[in-house]
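*Asks:* Top to bottom, those sequences are chains A and B.
Mapping of the first sequence onto our numbering: residues 1 to 286, in sequence order.
Mapping of the second sequence onto our numbering: residues 287 to 736, in sequence order.
No lab work stands behind these hints, which were simulated from the structure alone.
Beta carbons are placed, not taken as given, at the ideal position from N, Cα and C, and that holds for glycine.
Some clues are possibly wrong.
To be verified - Residues on chain B that point at chain A, a partial pick, calculated with CB under 10 Å:
no. : residue
1   : Lys-316
2   : Val-317
3   : Pro-321
4   : Val-323
5   : Asp-324
6   : Phe-326
7   : Asn-327
8   : Ser-368
9   : Lys-369
10  : Phe-373
11  : Ile-728
12  : Phe-731
What the hints assert, rightly or not - One-sided and incomplete, this derived list gives chain B residues near chain A with beta-carbon spacing under 7 Å:
no. : residue
13  : Lys-318
14  : Asn-319
15  : Tyr-320
16  : Tyr-322
17  : Ile-560
Listed here are the chains, written in short residue letters.
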Amino acid sequence: MNNNFSEILRIENLFLRSKYILKGYFSGIHKTPYKGFSSEFSEYREYIQGDDFKKIDWKVFLRSEKLFVRENEGESDTDIHVFLDSSKSMQFSNKFEYGKTLLFVFALISKRQNDSFGYSLYNDRIRIFHKPSKKQNLIFQIYQDLEKIKPEGETEGAKVLQGILPKVKKSTFVIFITDFGENLENIMKTISIYKVFKNDSIVFHLQSKEEFERKNFENVYLKDMETGKTLFLDSSSDRLKVLKQRNERIKKICYENGIDYNHIMIEEGFEKPLSKFFLRRKSVFL
Amino acid sequence: MFFYREYIFILFSLLPLFLFLLIFSKKFKKVKNYPYVDIFNEEEKSIIKKDLKIFIYIFKIILFLLSFSFLILFLSKPYIRSKKIEFLLVYIDNTPFLNLKSEKVDSIIKEYKKGNDFEKILIFDNNEKVDYPFKKEKIFSGELLEKESVIRNYVRLIQKINSPSIKTVLISDRVYERFRDDFDFIKIDNDFDILILDIFPVIKIFSKDEKVVSLTVNDKQEKVLLKKGINFFDISFDSLTFLKVFNDSIKFSKTIFLKNKKVNNLINDKSIKIALKALGYETGKSDIFISEKDDIKKGIVFFNEYMFNTTLGKKEIIFKDKNLKEVIKNGFDNLYYNKISNIPQEPLIVDEEGNKLVSFSDEKFYVSLPLDTTLSNFILTSGFLPLLNYMLDFFSKKNVDFDRTIFDYRDEILKTGLSFSGEDPTLKLKDMSKIFFILFLIATFLFLLV
């Protein structure tokens, strides 16, 4: 699958688009995505309230008169929560479309692996919050939510994500899809807090090649898409260097805090960055 | 410091322009949307210290103000006191007989330099700039322009130089008394042996000494005696294309008709015809009429409606026009008449009883004496021919049409001692605007650089 993002975007339906990506991706690495319920025995544990009755091993109950639940490998529940930045800056070069697709891809994977999937869309407030669940109609609900939402408002991820933190379970996968269009110190501090709560934090940093074009930085007024603030950039200093330095800082902070940092140039499409990511995290997602 | 231009006015006229540029300057630049521009502010803080940035900002404001101030000062044309006068402008009215040598101009400038120092010396030959100091000897002589246009060009040049510290000198061989203003005028007085001063109504020739010279009119040449001073010669020719007296000559580009020798004679009288022929007039189509009715525009009216006059005999004639008396002399002494018309116009010749014999209105002579010899002997008197000549001459000379500029000029160049000086002393100032212009460029360059 060598299609880049702009070609994939021609598939208007988000569901079909995501399936297309997944199909291509999984066929590319020659591994079946349909692992589903594993029959491979892992361990017994005592029944606790709330466990699915189907999981109770009745034979053991008859022998021991105690309720034991049979757990198989790959069946252990994993919560995946995706936070998608839906501020105005994400509109630049269709980063938001990319983010939406990425979120939906994760939703489909979760469903196939029987994981709980939650998602949040935010800008300077929480626009959509859906706690992780395995509901049958979850995919349809996500589809509906993502279809109607448009990127708008300023980014205040640091404040908003801190507000959501108490609602997110510990030891879950938290995936941040953002362009970091806000104060870097604050947002990195917040993402780091998620890691402290034993969450496996994954960051997808979306950028476009257009952001790096030299003509953007010489004798032009750059207008902030969110605030409308303008900044005159003369040709006196190397703005590209500034951008690259910022990316290096994000990467460094993520590395120092054990956050999985994934930088994506959206023009690259999905195959290359996702392959790279999934290969690294195959123990979790495959 | 003295501002030649009203700097407050310049300030107020420039200020809205500057404000306009400031307000709309962003709109003149390309504006591009970008996801998050504070990236650059954030990062630059780490590159440039905050204090330094404030310093640069203040420096930029100072440079802007300086640039603006220098521009105003430059446009205000500031002057400071100096030991020198900024300009000495020598303007030469380049006429045909000027014959002004560059040495003479040099000596005039040296005279001026004795009193004052000048930053720059400008010499203009009419409107053409002449390099000074002179590289080679030059004689200024040229085409004759009207005085009004010379003064107009001269004033325009002064306005173009536009300096409050300028000494202006006009050099000419003509008279500029009526243009007397705040400039020095030097009248060049040349020597002439012979000079033709005018051709009409009489030929006027100036001679330095008494001498016999040849006078050439058209093709005819004759010897004439010129007395010292101005000599007058009556015109004995009807047209003129070339005139030469000794070494002075005038050639006219087109023939000048000095007299109109055609008369439209409406009276079929033998005596009139003979008289016209004797005076050299031809009968034919002309605007000069001789008629017995008062329905002509210009000419002589002999009245044929006579009133009966009881008195018959010799009358004493009283003249009202001195020239006419001179012309006719006593030619009317033998005049006898018994009938006379009553003419209302300005009387020229009246008898002692108050009868108007000849009178004049705008373009018409009225003669009340009868042509009929049975009623008077008017056409037989010796005064008739001179009177007719006088009247026709009056009309024919008026038709002369030629450009008098050259003769006015020739008349003026003989007048001497008409130089004059400007009354107000010239200010000694130095123009500083160039310095402020350079400062403006430097400040603007630095402003753009920072």
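*Asks:* What are the numbers of the hints that this structure violates, sorted from low to high?
*Replies:* Hints 8, 9, 10, 11, 12, 17 not satisfied by this model.
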